[in-house]
Amino acid sequence: MFRRILAILAGRLVAFLCRCLKKGGTSLPGFLALKLDPDLMKGLIAGYRQVIIVTGTNGKTTTTNLLASILRAAGLSVVTNSEGANMPAGVATALLGQRGEVAVLEVDEGTLALVTSQVQADIVVITNLLRDQLDRYHELQQLAGAIQKALVHTPEAALVLNADDSLVTSLGDGWGIVRYFGLARTPWSQESTREVLEGHICPHCHQPLEFNFYHYSHLGDYFCPRCSYRRPRAEYEGRGLQLKPGGTHFNLVYPGGALVLHTPMPGIYNVYNILAAAGTALYLGVEPATIVRVVASFLPGQGRAETFYLRDRHITLMLVKNPTGLGVALRTLATGRQKTAFLLAINDLAADGRDVSWLWDADLTPLLAAPRSPIICAGLRAGDMAICLKYQGIKEADLEVIPDPAASIDRLLAEPVQEALILCTYTNLAVYRRLLLQRGARSEVTSGTSLPGVS
Amino acid sequence: MKLHLGHLYPEFLNLYGDRGNVLILCRRAQWRGIQVEVTPISLGDKLAPGAYDLLFLGGGPDQEQGIASADLFAKGPWLKEAVEEGTALLAICGGYQLLGEYYRTASGDTLPGVGLFAAYTEAGNKRLKGNIAIQVPELGSEHPIIGFENHGGRTFLKGARPLGQVIYGDGNNGADGTEGARYRNAIGTYLHGPLLSKNPHLADYLLRLALRRRYGEVELSPLDDTLEMATNAAVYKRFLPARGKW
Ligand SMILES: [Zn+2]
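In order, the protein sequences belong to chains A and B.
Everything in the first sequence is counted per UniProt numbering, starting at 1 for the first residue and increasing by one.
Everything in the second sequence is counted per UniProt numbering, starting at 1 for the first residue and increasing by one.
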């Protein structure tokens, strides 16, 4: 017990010092406190009314932050690791801060068991399982297996699962309480897919699944031609999707009603994030009107898709970390009628993933059709990006290789266009954000949704 | 002139951007006015040995590889006959392992392979993972072949000649300095993903091997590979250890 008190005090002292020094330090307090007391989270989590864990490959941070915003708007005090620090040290850091009634914890899908072995969750939300940095989780089925083992530690939890992802739904087999969210056929659904697929094997009889349609990657309406395995009915289903400049509209149909939702966030991937967060909130009994109101004004935190203004220019900065994310970002953002300047900044440091082979698994075709100025390739793997685009069909005259970040952004800003899109891997994100601010760009993210304590 | 390319199990063996290699081979042929027909070859497809000039076999996750390997084993005699008749072949990572004589798992079970390459693979503890450069003298180029490897298995050659010698990285097994295997016009290698993207000299070598059977020695018109070779050189230098491993 003394050990735990010491760990908590030490962790809080470090957190205080980090704030004084205006260091980000998002995981350091938890890291040190866990060293002093490896079971720290077990003690810190006691006394919460609801503990919700959000995990999966893509959309964790947006889903976590949106759910936390909805629950706060419903009058609850919420503790969350809103800075996307989702490893055990980051989760512990969040719990070391001010206590609340509800904890909404974003947890890295690869280290889930380390958290669930200490934290009994009431709800576990799983967004999707997509191909991510392959040198970290080299196989999705292995990852699904690890998540299944992690869930055994928290047997009472209700699962909120993506019905459109066969790997995720297989985790609900034989589980007590399971609720599904999903998206009905849309005008953008495809009969076949250009993307490289994984997770298209029946979890029961190990034969290839067949699809009525795909939304993106392996998400869609699937069924096994041999056994009875198929996409489960979604209790929280998105219908009537309309993607428009300036926002997305759809209906969320749930047992007992339907919500009409509008969001300023672009793209089908954000529809999934909203279905996951809103579905969980409905399951918890939050007033529908509260959900509609929060979804209408919610913008994701910095860097996921942050918009900057510089003179008459509109610059979108977005993190891409896997082929699905890159493909979806291009499908969403490279469809404008306006001429757009593109910058792709690819690094291969440990946090980016050392292997950049994944670039070749992404569907880059939206770039072929987009009205654009030359595409600038930057970062440590600028050449790899450019070669990939060359063989996809971009003329070499339309490609510029400028590895240096500052030089690449100055080249981007020299283009006489009003729309610019910067897609970058993890370690480039903060670099390009700083370079934009240094050049006088203004971020659109309001103080309410930007990251606290990051200078 | 037309190149017939058979892509084996494209829906299963597609890890790490492998399909990029097929795209690169197509483009580099088409830029020279050579037509290309790509045929996906999958489970249960019947095959005529003389139908293809070039076969491509990638790597896949365990379960997918399991599905493909049972079928590949059935296609083994056809595949060997095709290679004996001069068909070119590129097999990467998992695909390379399946073409060896056998794979010995960590628990000691022996899974038979196609037996095209006189080589076998054993499960290892630590994955061999990272940037790799090899020297392939046959290419007649001073430029190395560079790529990325990520494999748990250790492959040992028992008679097959290697594709190349490791400059840095692990190669077949991290011990003997060899990388990949050759048999006639077939190449097996651990350099995964879009291997040909930064190695246009290897891509053209494969195209010449593939065209030879139908058209004899073909002179490929030169392409502008400035971007590819500059990237090859930059990546090669960046990961070159102060002192070479071998
Ligand atoms: Zn089945």
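Since the hints were made in silico from the structure, they are not lab data.
A portion of the hints provided could be inaccurate.
[Claimed, not checked] Computed footprint of chain A on chain B; a stretch qualifies when at least three of its residues, placed anywhere within it, have a C-beta under 8 Å from a C-beta of chain A: (1) 51-64; (2) 91-101; (3) 189-197.
[What the hints assert, rightly or not] Far from chain A, some chain B residues (derived; all Cβ distances over 10 Å): (4) Leu23; (5) Arg27; (6) Ile67; (7) Ala123; (8) Phe148; (9) Asn173; (10) Gly216.
Every residue, glycine too, gets a C-beta built ideally from N, C-alpha and C.
Now for the hints, and whether the structure bears them out:
Only residues whose beta carbon comes within less than 8 Å of a beta carbon in chain A count, and the stretch 51-64 of chain B has 4; three or more means the coverage holds. Check result for the stretch 91-101 of chain B against chain A: violated, 0 residues qualifying (beta carbon to beta carbon below 8 Å, three or more required). Interface restraint, the stretch 189-197 of chain B with chain A: holds (4 residues with C-beta to C-beta distance below 8 Å; minimum three). Not every CB of chain A is more than 10 Å from the CB of Leu23/B (nearest about 5 Å), against its label as outside the interface.
With a closest Cβ-Cβ approach of about 5 Å to chain A, Arg27/B is found to fall inside the 10 Å limit, against its non-interface label. Listed as outside the interface, Ile67/B is inconsistent with that label: its C-beta sits roughly 7 Å from the nearest C-beta of chain A, within the 10 Å cut-off. Every C-beta of chain A lies more than 10 Å from that of Ala123/B, the closest at about 15 Å, which supports listing it as non-interface. A cut-off of 10 Å between C-beta atoms contradicts the statement that Phe148/B is not in contact with chain A; the least separation is 5 Å.
Non-interface status of Asn173/B relative to chain A is upheld: no Cβ of that chain comes within 10 Å, the nearest being about 19 Å off. Non-interface call for Gly216/B relative to chain A: holds, since the shortest CB-CB distance, roughly 28 Å, exceeds 10 Å.
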